[in-house]
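Chains R and L, in that order, are what the protein sequence lines are.
Residues in the first sequence are numbered consecutively from 1, following the numbering used here.
Residues in the second sequence are numbered consecutively from 1, following the numbering used here.
The hints are simulated quantities; they were obtained by calculation from the structure and are not laboratory data.
The C-beta atom is built at its ideal place from N, Cα and C for all residues, glycine as well.
There may be inaccurate statements among the hints.
Claimed, not checked - Result set (BS3-like, lysine-lysine): computed pairs, CA atoms no more than 30 Å apart in a straight line:
{"no.": "1", "chain 1": "L", "residue 1": "LYS32", "chain 2": "L", "residue 2": "LYS72"}
{"no.": "2", "chain 1": "L", "residue 1": "LYS134", "chain 2": "R", "residue 2": "LYS12"}
{"no.": "3", "chain 1": "L", "residue 1": "LYS32", "chain 2": "R", "residue 2": "LYS96"}
{"no.": "4", "chain 1": "L", "residue 1": "LYS181", "chain 2": "L", "residue 2": "LYS140"}
{"no.": "5", "chain 1": "L", "residue 1": "LYS138", "chain 2": "L", "residue 2": "LYS181"}
{"no.": "6", "chain 1": "L", "residue 1": "LYS72", "chain 2": "R", "residue 2": "LYS96"}
Claimed, not checked - If you anchor each label on the Cβ, the simulated ranges turn out as follows:
{"no.": "7", "chain 1": "L", "residue 1": "GLY75", "chain 2": "R", "residue 2": "GLN103", "range": "22 to 30 Å"}
{"no.": "8", "chain 1": "R", "residue 1": "LEU148", "chain 2": "L", "residue 2": "SER5", "range": "47 to 55 Å"}
{"no.": "9", "chain 1": "R", "residue 1": "THR153", "chain 2": "L", "residue 2": "LYS108", "range": "46 to 54 Å"}
Claimed, not checked - Calculated Cβ distances over 10 Å to all of chain L for the following chain R residues:
{"no.": "10", "residue": "ILE2"}
{"no.": "11", "residue": "VAL3"}
{"no.": "12", "residue": "GLN5"}
{"no.": "13", "residue": "PHE8"}
{"no.": "14", "residue": "THR40"}
{"no.": "15", "residue": "ARG154"}
{"no.": "16", "residue": "VAL171"}
If you want the building blocks of each chain, they are given just below.
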Amino acid sequence: MIVLQLYFAFLKIGLFSIGGGYVMLPLIEKEIISVHGWLTPAQFVDIVAIAEMTPGPVAINSATFIGYQTAGFWGSVFATAGVVTPSLVFILLIAKLMQHFYQNRWVQAGFTGLRPAVIGLIASAAIFVARTTLSDLTAALFAVAAFLLLTFTRLHPILVLALAALGGILVYG
Amino acid sequence: MGKNSLLHLFWTFFKIGATTFGGGYAMLPIIKHEVVERNGWIKDEEFVDVVAVAQSVPGAVAVNSAIFIGFKVRGYVGAFASMLGAVLPSFIVILLIAAFFVEFTNYKIVAAAFAGIRPAVVALITAAVIRLGKPVVKTKYNLLLVCIFLLLAAVFDVHPILLILAGAGVGLVRHYRQNKKASEGDSA
Numbered sequence: 001m002i003v004l005q006l007y008f009a010f011l012k013i014g015l016f017s018i019g020g021g022y023v024m025l026p027l028i029e030k031e032i033i034s035v036h037g038w039l040t041p042a043q044f045v046d047i048v049a050i051a052e053m054t055p056g057p058v059a060i061n062s063a064t065f066i067g068y069q070t071a072g073f074w075g076s077v078f079a080t081a082g083v084v085t086p087s088l089v090f091i092l093l094i095a096k097l098m099q100h101f102y103q104n105r106w107v108q109a110g111f112t113g114l115r116p117a118v119i120g121l122i123a124s125a126a127i128f129v130a131r132t133t134l135s136d137l138t139a140a141l142f143a144v145a146a147f148l149l150l151t152f153t154r155l156h157p158i159l160v161l162a163l164a165a166l167g168g169i170l171v172y173g
Numbered sequence: 001m002g003k004n005s006l007l008h009l010f011w012t013f014f015k016i017g018a019t020t021f022g023g024g025y026a027m028l029p030i031i032k033h034e035v036v037e038r039n040g041w042i043k044d045e046e047f048v049d050v051v052a053v054a055q056s057v058p059g060a061v062a063v064n065s066a067i068f069i070g071f072k073v074r075g076y077v078g079a080f081a082s083m084l085g086a087v088l089p090s091f092i093v094i095l096l097i098a099a100f101f102v103e104f105t106n107y108k109i110v111a112a113a114f115a116g117i118r119p120a121v122v123a124l125i126t127a128a129v130i131r132l133g134k135p136v137v138k139t140k141y142n143l144l145l146v147c148i149f150l151l152l153a154a155v156f157d158v159h160p161i162l163l164i165l166a167g168a169g170v171g172l173v174r175h176y177r178q179n180k181k182a183s184e185g186d187s188a
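For reference, chain L alone in the conformation it holds in the complex (with noise of 0.2 Å):
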């Protein structure tokens, strides 16, 4: 099949999302691999452009990224191919997961380890704060301001999507109030 042939371009996502675990960061490495070297669908330059894009809207950064690669090399329909490819396995796996599952508890191991993996899920979403809020939380501002929107949130009951709102706009208001501030200086 052709290089850049809907079949290709869907098989080169499902590969992608095949073999990629815990989604985002891990799989960037590998996406990078298959479709600047291996396919030469975008320029180094040009992968660079994509992640940025792929992590300033909403998603997941694996699918943003296969819909926009998609979308370069065959338009529409293209970046449709792509997505699809990336989706399926999850779906697929997933879904077989989920079928049986109900039943797979019932056995006492099955339940056993569950036992053990739930108390480890706290663990691995605190790690998650703990990575992603290192780099934010090094100004005093920042920090004040994750304890206030955990509060919110915790306490609060505040909607997420309330609060994700909030965050935007707090950082336009600061981004506002320093521009006036640097064009005040400016004509002082």
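Only chain R is shown next, with the shape it has when bound in the complex (with noise of 0.2 Å):
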């Protein structure tokens, strides 16, 4: 049944989709793309840039996209449920039995060693995106730009997409 494969391969993500969204781009790459082959490297980056365009967390609206790409509405349920499960049991546990665990020392020593593979794993995701889509000079161009623009402007990510956008048409339009 692909749909309960849907639903454990986004309950696997979720599980280890720990210190910020962006976590679960690796996650996706390895599961979605390279263990079950359900998307294609360039469907992964648009659904990144529809996941940033439009409100709400990227881990559901990954999910969602994913689920409804891979098998249909009930694809996107079962994908859903299974990225918020471990987010229900976590959050029930804590709630109910540990409010001041985060606060343990073991716990925050394990946060500490988390944050260098978080930020290795989602600088390798830049790498594989960059592989993906930097295919010629021009799109190498519109990778710069928007960099610099997110970088050194306060404009928001979304107007820096919609800019590319623009620049699309208006390039290969």
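Take each chain as given, in its own frame, and dock them per the hints.
Quick look at the structure:
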């Protein structure tokens, strides 16, 4: 049953999405593209862009989108349910049993160690996306321009993506 | 409807989910305004706890906070209603886009727009790496760790789950050794 496979794939992704939405990207890249082949690298990049331009967390957006692309409406329901299941379990356990667990020194030590891993992983996702998208000089120029805008102006990422879309229409349209 | 009704919980998080783009930290002030100031569901200092817990377990911060606050207000059903509210706007919007996306991209203008957007995604992720990385790579030790993890992920194709577990493991071992050193220092 593909919907159950989707549920468990996104449960796994949700379970290890610790430390910000973008940690999902390398997990999706591995589980959805390499392991299951449900998505092409180009589709993956489109989904990241769409997830960023629409309201709500990247986690929910990408689960819904990938679920739909893979198995239609029920695919999106099961993928989204999968990605929120760990949240539900962990938060309810903590709310019920140990509200101050995050103050525990061992938990904090684990998190301190986690951060460099998370950053390395997101950087690897950036390399993966770069390999997929930067096929010629024009594309590379688009990436550099977007990076400069994001880094040196206070433009919202959605505006930067909108400008990139406009640029795409002018150059490729 | 009552301030603590399930429908009101659902609706509050639905509004939050529908109006916050990019997720995560951008929505915290909005969540705070709704749950602390407008509805008085939790106190100011409790909100700090909610955020800390929401960040220290897996999953999206917005969804985690919704579940936590829903549980505080109305128990398990409250948690479920709030979660549904936080998730549904994204779900509906993405479903609509996904349903028409393939058709959309048949239009030349949409295809051209996405040809421009795709390279920008590289910039988006790179900017996130820098933003998240800046406070972490302040020590040489962490910088080295980031490089090792990047190498393992990008070159040796190690599964991300393994790397995340390894990262937590490194943190725990380091803490253990520092503890040991500290206690040896005490006894000396």
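The hints, checked one at a time:
The straight-line distance between the Cα atoms of L/LYS32 and L/LYS72 is roughly 15 Å, inside the 30 Å bound, and the hint therefore holds. Annotation: proposed proximity of L/LYS134 to R/LYS12 holds, straight-line Cα distance about 28 Å (limit 30 Å). Taking the CA atoms of L/LYS32 and R/LYS96, the gap is about 22 Å. The hint holds against a cut of 30 Å. For the given pair, L/LYS181 sits about 21 Å from L/LYS140 by alpha-carbon distance, which is consistent with the 30 Å threshold.
The hinted pair formed by L/LYS138 and L/LYS181 meets the criterion: a straight-line CA distance of about 23 Å does not exceed 30 Å. Note on L/LYS72 and R/LYS96: the hinted pairing holds, with a Cα-Cα distance of about 10 Å set against a maximum of 30 Å. Between L/GLY75 and R/GLN103 the beta carbons are some 24 Å apart, a value that agrees with the proposed interval 22 to 30 Å. Hint check: R/LEU148 to L/SER5, Cβ distance near 49 Å, so the stated range 47 to 55 Å holds.
For the hinted restraint 46 to 54 Å between R/THR153 and L/LYS108, the CB-CB distance of approximately 30 Å leaves it violated. At the 10 Å boundary, the C-beta of R/ILE2 stays outside the reach of chain L, the nearest C-beta of that chain being 16 Å off. At roughly 15 Å from the closest C-beta of chain L, the C-beta of R/VAL3 stays outside 10 Å, upholding its exclusion from the interface. With a cut of 10 Å on Cβ distances, R/GLN5 stays outside the contact zone with chain L, its closest approach being about 17 Å.
The beta carbon of R/PHE8 sits about 13 Å from the closest Cβ of chain L, which is more than 10 Å, so the claim that it is off the interface holds. The Cβ of R/THR40 sits about 12 Å from the closest Cβ of chain L, beyond the 10 Å cut-off, so the non-interface label holds. At the 10 Å boundary, the C-beta of R/ARG154 stays outside the reach of chain L, the nearest C-beta of that chain being 12 Å off. Consistency note on R/VAL171: stated as away from chain L, yet its beta-carbon is not over 10 Å from all of that chain's, at 7 Å minimum.
Hint violations for this structure: numbers 9 and 16, all remaining hints satisfied.
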